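4 protein chains.
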Amino acid sequence: MSSNKIRVGIIGASGFVGGELLRILLRHPNVEITVATSREYKGEYVFKIHPHLRGQTMLRFVEPDIDKISNSCDVVFLAVPHGQSLHMVPKLLELGLRVLDLSADYRLKDPEAYVRWYDWREPHPYPDLLKKAVYGLPEIHRDELRNANLVAVAGCMATAGILSLLPLVRHRLIEFDKIVIDAKIGSSGAGAHAPRLDLHAYRTYVVRPYEVTEHRHIAEIEQELSLAAGEPVKVAFTPHAVDIVRGILVTSHSWARGSVTEPQLWKSFRETYLNEPFVRIARDKTGMHRYPDVKYVIGSNYCDVGFDIDSRLGRIVTFAAIDNLMKGAAGQAVQCFNIMMGFDERTALDLCPLFPV
Amino acid sequence: MSSNKIRVGIIGASGFVGGELLRILLRHPNVEITVATSREYKGEYVFKIHPHLRGQTMLRFVEPDIDKISNSCDVVFLAVPHGQSLHMVPKLLELGLRVLDLSADYRLKDPEAYVRWYDWREPHPYPDLLKKAVYGLPEIHRDELRNANLVAVAGCMATAGILSLLPLVRHRLIEFDKIVIDAKIGSSGAGAHAPRLDLHAYRTYVVRPYEVTEHRHIAEIEQELSLAAGEPVKVAFTPHAVDIVRGILVTSHSWARGSVTEPQLWKSFRETYLNEPFVRIARDKTGMHRYPDVKYVIGSNYCDVGFDIDSRLGRIVTFAAIDNLMKGAAGQAVQCFNIMMGFDERTALDLCPLFPV
Amino acid sequence: MSSNKIRVGIIGASGFVGGELLRILLRHPNVEITVATSREYKGEYVFKIHPHLRGQTMLRFVEPDIDKISNSCDVVFLAVPHGQSLHMVPKLLELGLRVLDLSADYRLKDPEAYVRWYDWREPHPYPDLLKKAVYGLPEIHRDELRNANLVAVAGCMATAGILSLLPLVRHRLIEFDKIVIDAKIGSSGAGAHAPRLDLHAYRTYVVRPYEVTEHRHIAEIEQELSLAAGEPVKVAFTPHAVDIVRGILVTSHSWARGSVTEPQLWKSFRETYLNEPFVRIARDKTGMHRYPDVKYVIGSNYCDVGFDIDSRLGRIVTFAAIDNLMKGAAGQAVQCFNIMMGFDERTALDLCPLFPV
Amino acid sequence: MSSNKIRVGIIGASGFVGGELLRILLRHPNVEITVATSREYKGEYVFKIHPHLRGQTMLRFVEPDIDKISNSCDVVFLAVPHGQSLHMVPKLLELGLRVLDLSADYRLKDPEAYVRWYDWREPHPYPDLLKKAVYGLPEIHRDELRNANLVAVAGCMATAGILSLLPLVRHRLIEFDKIVIDAKIGSSGAGAHAPRLDLHAYRTYVVRPYEVTEHRHIAEIEQELSLAAGEPVKVAFTPHAVDIVRGILVTSHSWARGSVTEPQLWKSFRETYLNEPFVRIARDKTGMHRYPDVKYVIGSNYCDVGFDIDSRLGRIVTFAAIDNLMKGAAGQAVQCFNIMMGFDERTALDLCPLFPV
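So the protein lines, in turn, are chains A, B, C and D.
273 is the number that the working numbering gives to position 273 of the first sequence; each next residue is one higher, with no gaps.
169 is the number that the working numbering gives to position 169 of the second sequence; each next residue is one higher, with no gaps.
259 is the number that the working numbering gives to position 259 of the third sequence; each next residue is one higher, with no gaps.
187 is the number that the working numbering gives to position 187 of the fourth sequence; each next residue is one higher, with no gaps.
Since the hints were derived computationally from the structure, they do not count as laboratory data.
Because identical chains cannot be distinguished in the list, a pair is counted as satisfied if it fits within a single copy or across any two copies.
Taking lysine-lysine and the DSBU-like style, the derived pairs with C-alpha atoms no more than 30 Å apart in a straight line are:
1) K178 / K234
2) K132 / K68
3) K285 / K48
4) K285 / K42
5) K178 / K285
6) K267 / K48
7) K267 / K234
8) K178 / K267
9) K91 / K109
Given the structure is predicted, the values throughout are model-derived calculations rather than measurements.
When you get a sec, could you build the whole thing from the sequences and use the hints?
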C-alpha cells in the first residue's frame with residue numbers, strides 16, 4: 001500500500017452502507033482504507049459481519065476515536081445514523097480532514113429546517129458549516145464539489161426524486177405547485193438495526209405506504225429543485241415499502257405548462273444528462289424494457305431516468321431508478337469523493353448492474 | 001349433491017382466476033360445480049393443474065361446449081381472456097343462463113369506448129347488452145345486481161382505483177381534473193400464459209412501470225367515478241409491476257376543493273363503507289399498521305382503504321389494497337353471484353387473509 | 001356466544017402461531033375464544049398486531065394470569081417460547097383445564113433428553129407429566145388423544161420429518177442407521193421476535209444451513225420413529241433457511257433393505273395415510289406437479305407426502321411438505337383439540353391451500 | 001480496441017449465461033468481443049435485451065454464421081442449449097478457433113454415457129474430441145487447461161457437487177457408495193426460454209424437488225470424483241427449485257470411513273483449496289455466518305465451501321455455494337479462458353459478491 005494513496009476512514013462500517021463503501025473502496029486504486037469503525041463489532045474481522053468480503057480484506061473493526069481517526073486518515077466517510085454526524089463533523093474538519101457525511105445532518109441550508117423536518121428542538125447549531133457544506137449530488141453541484149471539504153451526500157429518495165424532475169424543472173415544462181412523487185423502496189434503506197416490522201416475515205409481500213405526507217427527504221428535494229428553478233418548487237411525496245432489498249423507483253406525476261411535446265422532453269433530458277456518466281435515459285418506444293426499472297440498476301451507481309406524456313390529460317410522468325445503497329448512498333459518496341480528489345469520477349464505480357437477480 | 005343447489009359452470013377454469021373460483025365455489029353450500037372447462041387440459045383432473053386442490057375435488061376439465069354447458073348449468077362464470085366473452089355471452093343468455101363475465105367485454109357502457117381503449121376495429125356489436133349488463137362492483141351497483149342476468153365483473157385495477165376514490169368523489173371533496181392513481185400489482189394479474197417477461201428470473205426484483213398513460217382500466221374508473229359524481233371525472237393512471245404474486249395497492253393523489261379536514265374524510269369514508277361487508281377502513285394514528293397494505297388482504301375478499309391529508313399542499317392521499325384474484329376477480333364475482341341469487345353476500349367468502357405470507 | 005361452546009384461551013397470542021390459532025378458532029363453530037394473552041401488547045386490540053384480523057374480532061390482549069385464565073377457559077393453547085410452558089402446565093392441569101402445549105417442553109418422554117437436546121441443567125422436573133402427555137401427532141397417536149388432558153403438539157420440522165418416513169419405518173423397507181433428512185424452512189419459524197439475521201435484508205436470498213448436526217427436533221423424530229419401528233431408529237438431520245415465509249419441505253434419503261419396489265412403496269404410503277384427512281399422497285408420473293412442494297400447502301393443514309426410488313443406488317427418497325404454522329403448529333394443535341373434544345377432526349380446518357402465492 | 005486483444009465470439013448471447021459473459025468480458029482488458037449471436041434478436045442492440053448493459057456497449061446481435069465467426073474470432077464461447085454445440089464444435093476447431101463450450105455436449109468422456117444420461121439415440125459421434133476436451137473445472141484440471149483447444153465447461157450443479165466433496169474423496173475420508181447430494185437452485189438455471197412452470201406466479205414460494213433420482217449432472221460428478229478417487233464413486237443426487245434467481249447450495253451427506261476428526265477435515269479442505277483463488281472456506285465456530293450461503297456469493301465467481309461432523313452418527317456434512325451463472329457457468333468459463341490464454345486467472349473476475357441483495 002503505497003504512501004501516496006489517500007488514507008480513508010469509514011465511520012459506521014458494519015451497516016449496509018458501510019459494507020458498500022468497503023466493497024467499492026477496496027477496489028479503488030488510489031485509496032487505502034485505514035480505519036473501519038463499529039462500536040458493536042470492534043475487534044472483529046470485517047468479513048465476519050460482511051461475509052461477502054471474506055477473502056477480500058483482513059481489516060478489523062475498531063472503535064470510533066476521533067484522535068486515532070485523525071492520525072490515520074485523510075478523508076472520512078460518515079455512515080452513521082442521522083444526528084450522530086452533527087458534532088463529529090466540526091471536530092474532523094478542525095483536525096484537517098475532509099469529510100463526506102452520508103447522514104442528513106448537513107444537507108439542508110436552512111438551520112430552521114431541522115426543526116421543521118427532523119424534529120430537532122433547536123435550529124442547526126452550525127449554520128456556517130451548513131453554508132460551506134456542498135450538497136453531494138454531482139449532477140447539480142459538480143463544480144462546488146471539486147474543492148469541498150465537507151460534502152453532505154444526498155439522500156437516497158432525494159437523489160431519485162430530484163433526478164426524475166430536474167430536466168422538467170430546469171426547462172420549466174411543468175407547473176411547480178402540484179408535483180406528486182410516488183416512491184417505492186426496498187428494505188435495505190431501513191438499515192441493519194431495523195425494527196420488528198422489518199423482519200423477513202413482516203416485510204415480505206408488502207406494498208406498504210409510510211410517512212405518507214411528511215417524509216424528511218421532501219426538504220432536500222424542494223431545496224434543490226427550487227434552486228434549479230430559481231423559484232419555490234413544492235413536491236408532494238409518498239413512499240411505499242416493496243418486497244425487494246435494494247432499489248428505489250420514483251414515479252413523478254406533474255402537469256404540463258401549456259402544451260409540452262415529446263421532443264421537448266427529449267431535449268430537456270438530453271441537455272441535463274447527456275454528459276453524466278451515471279445517468280442513463282431509459283426510454284424506448286418498443287421492446288421489453290421501455291422505462292426505468294430497479295431490476296436493471298442493482299449493484300451499480302446508475303440512475304436510470306425515463307418519461308412519458310399523458311397527452312389526454314396534460315400529465316407528464318417521469319421515472320428514476322437507483323440502487324439506494326449505491327447511487328442512493330455509498331456509490332454517490334465515492335463519486336463525490338472522486339470529484340473532490342480530482343480523480344476520474346468513475347474510478348472504482350465502473351460496476352455493471354447485476355442481472356438477473 | 002342436492003338438486004336444489006345452483007348448478008355452476010366455470011369457463012376458463014385452468015387459469016389463476018379459474019382456480020380461485022374453484023377454491024371458493026367448492027365450499028359454497030348452495031353451489032354444485034357441474035362444468036369446468038379448459039381447452040388445453042380437457043380430460044385432465046382439475047387437481048393436476050391446480051395442485052392445491054388435490055383431495056378437494058375429482059372434477060375433470062371438459063372442452064367448452066355451449067350446448068353441454070346450457071344443459072348442465074344455471075349460472076356461468078366466464079374467466080376467459082378479453083375478447084372471448086363477446087359472442088359467448090349472448091348465446092348463453094339466449095339459452096336462459098345467467099352470466100358473470102370476468103373479462104372486460106361488457107364493462108363499458110359506451111360501445112365506442114371499445115374502439116378507443118381496447119383497439120377494436122368496430123364499436124361493440126351488442127349495445128343493448130351493454131345497457132343490460134350490470135357493472136359488477138357491489139359497493140356501487142348492489143341493487144341492480146339483485147336481478148341481473150349479465151354481470152360484467154369489475155376489473156382488478158379498476159376495483160381498487162374506484163374504491164380508493166369513491167368517498168372523495170361522492171362527497172365532492174377533491175378537484176376532478178387532476179387525480180393521479182399510482183398502482184402497484186403482482187404477477188398473477190398477467191395470467192398463467194404470460195410472456196417471457198413474466199418468467200421468474202425476469203419478474204423478480206422489479207419495480208417496473210408499464211402502460212404508463214393508457215391502461216385500459218382507466219375507462220372503467222372514469223365511467224364509474226363520473227357516474228358517482230354526476231359529472232365527468234378524469235383520472236391519470238400509472239401501474240407498476242412489483243415483486244409479489246397476488247395483490248394490488250393503489251395510491252390516489254388528489255387535490256382538495258378548498259380546505260378539507262380529517263373529520264370530513266372520516267365522514268366520507270364511513271358513510272360510503274360502513275355497511276360494506278368487504279371494505280375495511282385501515283387508518284390508525286399510531287401502531288405498526290397505519291395504512292392499507294396488500295400483505296393484510298391476501299387470500300381474502302377484503303378491500304382495505306385508508307387516507308391521509310397533506311395539509312401543507314392541500315393534497316389528499318387515499319389507498320386501496322386488494323387481492324387481485326379475489327376482490328379483483330373471483331371473490332368479487334362470487335360476491336355478485338351471491339347478491340344475484342339472494343344468498344347472504346358473504347357466503348363462501350368468509351375467508352380470513354393469510355398472514356404472514 | 002352460546003354457553004355450550006368450549007371456552008378457549010390462547011397464551012402467547014401476539015406471535016405468528018398465536019395469530020394462526022386466532023385465524024382458525026375464530027371460525028370454529030364450537031369454540032369461544034375468551035382469553036388471548038400478550039405481555040407486550042396487553043390492552044391493545046388483537047387486530048392492531050394481527051392486521052389481517054381487522055373486522056374479524058374486537059378481542060383485546062390481556063396479561064397472562066393463571067387465575068383469570070382458569071376462571072374463563074376450559075382449554076388452553078400455549079403458544080409460548082420453549083421453557084415457558086414447563087411450570088405453567090402443571091398449574092393449569094391442577095386447575096382442571098385441558099392443555100395443548102405448542103412448545104417442546106412436554107414432547108420428549110425421557111427426562112434426561114432435555115439435558116442432552118435442550119441444554120437444561122437438570123432433567124425434566126415432571127417425569128410423570130411427560131408420561132401422561134400425548135405427543136400431538138394424530139397420524140400416530142389419534143387414540144390416545146381422545147382422552148388426553150395434556151397434548152404436546154409435535155414440532156414443525158418433526159412433523160414433516162416423521163410423516164415423510166413413517167411408512168418406510170412401519171413397513172421396515174429401509175435401513176435404520178443411515179437415514180438423512182435434509183430440511184428447508186421459511187422465516188416464520190423464527191417467530192415474531194427474531195434476531196438481526198432474520199431482518200428482511202439479511203434473510204432474503206438465502207439458502208443457509210444452520211444447526212447442521214444438532215437440531216433439537218432430532219430427539220422427537222427419533223423418539224417417534226423408534227416407537228413406530230419397535231427398535232432404535234437414528235436420523236441425521238440438517239435444516240436450511242430458504243427465502244419463503246411459511247413452509248417446510250423435508251427430503252428424506254434412506255437406503256432400501258434389500259430390493260424395494262415401487263408397488264411396495266405405494267402400499268406402505270397408502271396403508272399409512274389412506275384414511276388420514278390431512279395427508280395427501282402427491283406422486284405423479286407425469287404432469288407439472290409430481291412431488292410435494294410447499295407452494296401447494298400454504299395456508300392449509302395438509303401434509304403432502306411423496307416418494308421415489310433411486311434404483312441405481314438403492315436409495316429411497318421421500319418428501320413431506322407442510323405449512324409450518326399450520327400442520328407444523330396451529331393447525332395441528334386444533335386437529336388434536338378436535339380429537340380431544342370429540343369433534344369432527346376437520347372442524348375449522350377445512351382451509352384450502354392458497355395458490356398461487 | 002487494440003489488435004493484440006483476443007477476439008472473442010459469444011454464441012447464444014441473448015440468454016442469461018450470454019449476458020453474464022458479456023458483463024464479464026466487456027471489462028476484460030485483453031478481450032475484444034467481436035461477435036454476439038442471437039437468432040431471435042439479430043440486428044437488435046444487445047442492451048435492448050440485456051437492459052443492465054445500457055451504456056456499456058453498442059454491440060448488436062448477429063445471426064450465428066460459422067464463416068463469419070471464424071473470420072472475426074480467435075476464441076468462441078458457446079452458450080447454447082445442450083445438443084446444439086455437438087456439431088458446431090468440430091467445425092470451429094477445424095477452422096482453428098479455440099472453443100469453450102458451456103453446454104454438456106463434450107463433458108463426458110464415455111461416448112455411451114450420452115445414451116444413458118442424455119437420452120441420445122446413438123453414442124457420442126466424436127469420441128476423439130471427447131478425449132481431447134478438457135473438463136472445465138480449474139480446481140481439478142488447471143494444468144490441462146493451459147493448452148486446451150476445447151474446454152467443456154463444468155455444469156453448474158456439478159461444480160458445486162464436485163467441489164463440496166473433492167477434499168473428502170481425495171483424502172478418502174468417506175465411504176464411496178452412500179453419498180447423498182441434496183441441491184437447492186434458483187430459477188435462472190432454467191434459462192430465458194423456460195416453460196410455464198417458470199412463470200413468476202408458479203415459481204415463487206416453491207421448494208420443489210425435480211429429477212429426483214436421474215439428474216444429468218450425476219454423470220459429471222461421478223466421472224470427476226471417480227477420477228479423483230482412483231476408483232468408482234457413486235452419488236445419489238436430488239435437486240430442489242427454491243425461490244431465488246441465482247445461486248446453488250449443495251449439501252453433501254456422507255459417512256465417515258472409521259473415525260474422522262475435525263482437524264482431518266480442515267486438513268483435507270486446506271490442502272485442496274488453499275491456493276485456489278475462487279474457493280473460500282466458510283467455516284466458523286461462532287458468529288452469524290458459520291457455513292456457506294448463496295447470499296454471500298451472488299454476482300461473484302466464488303465457491304464457498306464448508307463442513308461439519310455429525311459425530312453422533314458418523315456423518316460428514318459438506319456444503320458448496322455458488323452463483324450458478326458465474327462459478328456455475330460464465331465466470332468459470334472465463335476462468336478457464338484466462339488459464340488457456342496464460343492470463344492471470346482472476347482477470348475480469350475480481351467481482352465482489354453483492355450483499356445484501
